[in-house]
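*Asks:* Residues per chain are reported as follows:
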Amino acid sequence: MKLELRGITKRFGTLVANASIDLTVNPGEIHALLGENGAGKSTLMNVLYGLYTADEGEILLDDKVQKFSGPGDAMAAGIGMVHQHFMLIPVFTVAENVALGNEPTGVLGTLKLAEARQRVLDISKQFGFNVDPDALIEDLPVGIQQRVEIIKALSRDAKVLVLDEPTAVLTPQETDELMDIMRQLAKNGTSIVFITHKLREVKEVADKITVIRLGKVVGSASPSASTNELASLMVGREVDLKVDKAPAQPKDLVLSVDAVSVLDDRSQRAVDSVSFEVRAGEILAIAGVQGNGQTELAEALLGLRPVIKGSGTIKLGDKDITEASVKQVLEAGVAFVPEDRKKDGLVAEFSVAENLMLDSSFKSRFTKGLNINLKARRKIADDLVQEFDVRTQTSDSPAGKLSGGNQQKVVVARELSREVKLLVASQPTRGVDVGSIEFIHERIVAERDEGKAVVLVSTELDEVLALADRIAVMYRGKIVGIVPPTTSRSDLGKLMAGVSA
Amino acid sequence: MSSLVTETKIGFKAPIVMAAIGLVVLVFFGLLGRDGMANFQISRRQDAIQLPDVPIDSSLLGVVSGILMLALAGFSLWLTLRNRKTRMWSISIFGFLGIVSLLGWLAADNSVPVSFIAGTALVLAVPIVLGAMGGVMSERSGITNIAIEGQLLTGAFMAAVVSTITGSFTLGIISAMVAAALLSMILAVFALRFLAQQIIVGVVLNVLVIGVTNFLYQQWLTQDSENTNFPGTLDIIKIPFLSDIPIIGPVLFENRITVFAALLIVPALWFVLFKTKLGLRARAVGEHPLAADTVGINVARTRFWWVTIGGAIAGLGGAALTIGNAGAFGREMSGGFGFIALAVVILGRWHPISASLAALLFGFSIILRVWANQVSPGIPSDFITMVPYVVTIIAVVGFVGKSRPPKAVAVPYVKG
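Protein chains in written order, with the working numbering: chain A, 1 to 501; chain Y, 502 to 917.
It is possible that some hints are incorrect.
Unchecked claim - The calculated DMTMM-like cross-link candidates involving lysine to aspartate or glutamate, where the alpha carbons are at most 25 Å apart (straight line), are:
#, chain 1, residue 1, chain 2, residue 2
1, Y, K908, A, E4
2, Y, K776, A, E138
3, Y, K586, A, D139
4, A, K242, A, E460
5, A, K319, A, D258
6, Y, K776, A, D139
7, A, K198, A, D22
8, Y, K776, A, D134
9, Y, K908, A, D139
10, Y, K908, A, D344
11, Y, K514, A, D264
12, Y, K586, A, D134
13, A, K494, A, D139
14, Y, K586, A, D264
15, A, K216, A, E29
16, Y, K908, A, E138
17, Y, K916, A, D63
18, A, K159, A, E115
19, Y, K916, A, D491
20, Y, K776, A, D132
21, A, K187, A, E339
22, Y, K916, A, D449
23, Y, K908, A, E204
24, A, K245, A, D22
25, A, K208, A, E58
26, Y, K916, A, E56
27, A, K343, A, D433
28, Y, K908, A, D134
29, Y, K586, A, D265
30, Y, K916, A, D55
31, Y, K586, A, E138
32, Y, K776, A, E115
33, Y, K916, A, E58
34, Y, K916, A, D164
35, Y, K916, A, E419
36, Y, K908, A, E58
37, Y, K776, A, D122
38, A, K401, A, E387
39, Y, K908, A, D340
40, Y, K514, A, D265
These are calculated hints, taken from the structure and not from any lab test.
Let the hints inform the model, and build the full structure from the sequences given.
*Replies:* Printed below as a string of structure tokens:
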């Protein structure tokens, strides 16, 4: 089926998320939609899928204009979508999820689950998916969950399949498998729209590339275009993907983690007897696919999450901080950039200045006795805004009003303006524009060069390779190997999939 | 992510709680128990099939039950040490022994009319059961329904007044269900259209209904109660043959239509919720509305109808209070049943059948208090009243485990 979007415009208040976008996808084509986070790719696809209504423009399938008032219409017309955040119900089985909205029923609307199960098995067999129809979604690894999403779309006879950032949660091996699946589907005549910001994947699998920036189509390219060419189209200028840094000169031991285990929110052992050391003046990156215990490990380092009693110790220098409170850990000299800045890093309703003093509200340079020293705070805030290039009108503007990159700079500014020995940075550049990424990366390297120890938790392999002096790979709660940054991508990929070095 | 190393430790709560209760039964009902025989009456005088009474020595019953209960606690400990869960059947037997020993203790030198107690417990539980079914329907689809109390009260009022004025119980029941459904619609519209705080809307509705019914009761019903609030009760229907079965017959098959309705609605709701397309969709909407939306399910419409029909069922529960039991409407006569229904929903983990069983516990407690007062006036009835609440607390901490509400309950769904 041929898909054509003509002049799609979508506004949210004053923000124009999509400005008059044209896009044509031919039958059996894998069409990559390339753009940075926040460029408007997902909005466009949600318009296509009927979740949003476009303010202007039209959608054509096989040259016929379509009117979608909801996802039901889009699906009936043959559009299937695999969302970035899976649209699966965790407490339902695979078969129930696939059946939902399209249920095979008998008398009185009774569910014919056997039929739904067979449907899953058929599609699963056709494409070699190997999915158990009776498994609960919440028990499945993300790679399999994604296949369930694809089965869900195919079981509704999708002729156009939209994959929204499908590789964000996959290991390199799972990514390769997904690409094989995409090729196979395209060969069977399905048109595929592949949304991503990862250049390597686009070059590997796409037939055609459309680049979107700030809600507009800024160009199209063929997969043979060079990475740099694509990147500069994407961000609008030549970018330097490498970070200049001198070789590390590790000195004294700052952080030693010995056989630490941590439970997650569901009382499962998310971190399983993990040990590593970080010295002053080096960056240890903790790599791995999301959800392999990195989050819990970072939280345990900070004292946000208890270490299982008796399992191991965390030492900062000579000081045991295994059971220390967050306050004690911070005072001992640890800075923390949390992975979700909106949830844990900032109070959106507070001003930039207020956010900058969040972790120094007691007996600090911001205070005078029991009061806040407003004069000093303004001065410090203005200086930090300047130093960290935070694009805000004043330091009194609410932090929530800033763009993602500038919000992150506020968090980084707060954490780096204290005297610390160790920086724990979790996903410091997630959802941040390229300019800010560069800036944050440089600051992290600068901290290292000043003799601080850095633990960088990142799921982006590019970031890990650009910054790390040593790379620890986590898989299912264990560190499966600590390797030098010269390790090849494919070897790292194997580690991330649990194959020990 | 359960792909990670799984490690769930079974806690020692169940065996500890069971052992403690077992000890209480053994010591207080058994060793320090009361003298005299407790006469368990299996058959009523009017029953077709007569079974002999079973007299048991009260303190001997306490000793035997206590020892058996301690044995079950030991079994539970044995399982826990092997990191296995305490079995449901052993908990059921445990509970049954506890209840029997309590009855035997209270009835020293007296009789225990078994089918009377069980039957009345069921009748008293019906409003709670039906209220809880309304709650399950609402919460499973993702809307918190605090207004069950108001729905019961509305149903009770309408059933009494309309039945009296029209002389037709059918019209009374229909108007009770419709009025309570309308009340639910207010909740649904506020929650779905105006995205109001569901708990606050629910509380306001409760207060509103209490105010309106109190006003009408004072100004109208008490002035002319003969013509407005004198409905009487529904006829008791005996199902032939089935009602002759000892114990089960009188308890289950010789009842008013409201009780039969409850006995049908509970399994029917279970079937709809877990075996049909409608139920699958409602549960999907209550767990992950966005996911349901992306497969073409209308979230708002689904929630609206589940809340509304749930309200109608709660309204029937209200009717069971007046024309199904008391025979007239009284000031604030739902007396917290709606809130107990709410607790029962949670205790029953949003499952129609478990919730109904929990509701029965409360029905039992009410009749127990009345009956205990008659057979052993010496024991303070407040103490007896405490039993179900203590049992509830124990059940919640000890046995129910981590209850998991529908994920999207009380979270408004806003389309982009």
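*Asks:* Take the hints in turn and mark each one as holding or not.
*Replies:* Here's how the hints hold up against the structure:
1. The straight-line distance between the Cα atoms of K908/Y and E4/A is roughly 37 Å, outside the 25 Å bound, and the hint therefore fails.
2. Only pairs whose Cα atoms come within 25 Å are accepted, and K776/Y paired with E138/A is accepted, the gap being roughly 21 Å.
3. In summary, the hint linking K586/Y to D139/A is supported, as the alpha carbons are separated by about 20 Å, within the 25 Å threshold.
4. Between K242/A and E460/A the alpha-carbon distance is near 14 Å, which keeps this suggested pair within the 25 Å criterion.
5. Restraint check for K319/A and D258/A: the C-alpha separation of about 13 Å stays at or below 25 Å, so the hint holds.
6. Pair hint K776/Y plus D139/A holds up; C-alpha atoms about 22 Å apart against a cutoff of 25 Å.
7. Of the pairs offered as hints, the one joining K198/A and D22/A holds, with about 22 Å between alpha carbons and a cut-off of 25 Å not exceeded.
8. Between the alpha carbons of K776/Y and D134/A the distance comes to roughly 15 Å, so the proposed pair stays at or under 25 Å and holds.
9. A distance of roughly 17 Å separates the Cα atoms of K908/Y and D139/A; the hinted pair therefore holds under the 25 Å criterion.
10. With a C-alpha separation of about 22 Å, the suggested pairing of K908/Y with D344/A holds against the 25 Å cut-off.
11. In summary, the hint linking K514/Y to D264/A is supported, as the alpha carbons are separated by about 22 Å, within the 25 Å threshold.
12. Taking the CA atoms of K586/Y and D134/A, the gap is near 23 Å; set against the 25 Å cutoff, the hint holds.
13. Our distance criterion of 25 Å between C-alpha atoms is met by K494/A and D139/A, whose separation comes to about 23 Å.
14. The straight-line distance between the Cα atoms of K586/Y and D264/A is roughly 22 Å, inside the 25 Å bound, and the hint therefore holds.
15. Between K216/A and E29/A the CA atoms are separated by roughly 22 Å; this keeps the pair inside 25 Å, and the hint holds.
16. Restraint check for K908/Y and E138/A: satisfied, since their Cα atoms lie roughly 13 Å apart, inside the 25 Å limit.
17. Between K916/Y and D63/A the alpha-carbon distance is near 29 Å, which puts this suggested pair outside the 25 Å criterion.
18. Proximity of K159/A to E115/A is assessed by CA-CA distance (about 22 Å); at most 25 Å being required, the pair is judged to hold.
19. Note on K916/Y and D491/A: the hinted pairing is violated, with a Cα-Cα distance of about 43 Å set against a maximum of 25 Å.
20. In summary, the hint linking K776/Y to D132/A is supported, as the alpha carbons are separated by about 20 Å, within the 25 Å threshold.
21. Simply put, K187/A and E339/A have alpha-carbon atoms about 39 Å apart, too far for the 25 Å limit, and the pair is violated.
22. Restraint check for K916/Y and D449/A: not satisfied, since their Cα atoms lie roughly 48 Å apart, outside the 25 Å limit.
23. The suggested pairing of K908/Y with E204/A is violated, with an alpha-carbon distance near 39 Å, which exceeds 25 Å.
24. Proximity of K245/A to D22/A is assessed by CA-CA distance (about 42 Å); at most 25 Å being required, the pair is judged violated.
25. For a cut-off of 25 Å, the pair hint linking K208/A to E58/A stands: about 22 Å separates their Cα positions.
26. Only pairs whose Cα atoms come within 25 Å are accepted, and K916/Y paired with E56/A is accepted, the gap being roughly 19 Å.
27. For a cut-off of 25 Å, the pair hint linking K343/A to D433/A stands: about 19 Å separates their Cα positions.
28. Only pairs whose Cα atoms come within 25 Å are accepted, and K908/Y paired with D134/A is accepted, the gap being roughly 21 Å.
29. Restraint check: the Cα-Cα separation between K586/Y and D265/A comes to about 21 Å, which is no more than 25 Å; the hinted pair holds.
30. The suggested pairing of K916/Y with D55/A holds, with an alpha-carbon distance near 15 Å, which does not exceed 25 Å.
31. For the proposed pair K586/Y and E138/A, the alpha carbon gap of about 22 Å is at most 25 Å, so the pair holds.
32. The hinted pair formed by K776/Y and E115/A meets the criterion: a straight-line CA distance of about 14 Å does not exceed 25 Å.
33. Under the criterion of a C-alpha separation no larger than 25 Å, the hint pairing K916/Y with E58/A is consistent with the structure, at around 20 Å.
34. Distance restraint check for K916/Y and D164/A: the Cα-Cα separation of roughly 19 Å lies within the 25 Å cut-off, and the hinted pair is therefore satisfied.
35. A distance of roughly 45 Å separates the Cα atoms of K916/Y and E419/A; the hinted pair therefore is violated under the 25 Å criterion.
36. Proposed proximity of K908/Y and E58/A is contradicted: the alpha carbons are some 36 Å apart, above 25 Å.
37. Annotation: proposed proximity of K776/Y to D122/A holds, straight-line Cα distance about 23 Å (limit 25 Å).
38. Restraint check for K401/A and E387/A: the C-alpha separation of about 20 Å stays at or below 25 Å, so the hint holds.
39. For the given pair, K908/Y sits about 21 Å from D340/A by alpha-carbon distance, which is consistent with the 25 Å threshold.
40. Only pairs whose Cα atoms come within 25 Å are accepted, and K514/Y paired with D265/A is accepted, the gap being roughly 21 Å.
Taken one by one, the earlier hints fail for this structure at numbers 1, 17, 19, 21, 22, 23, 24, 35 and 36, listed in ascending order.
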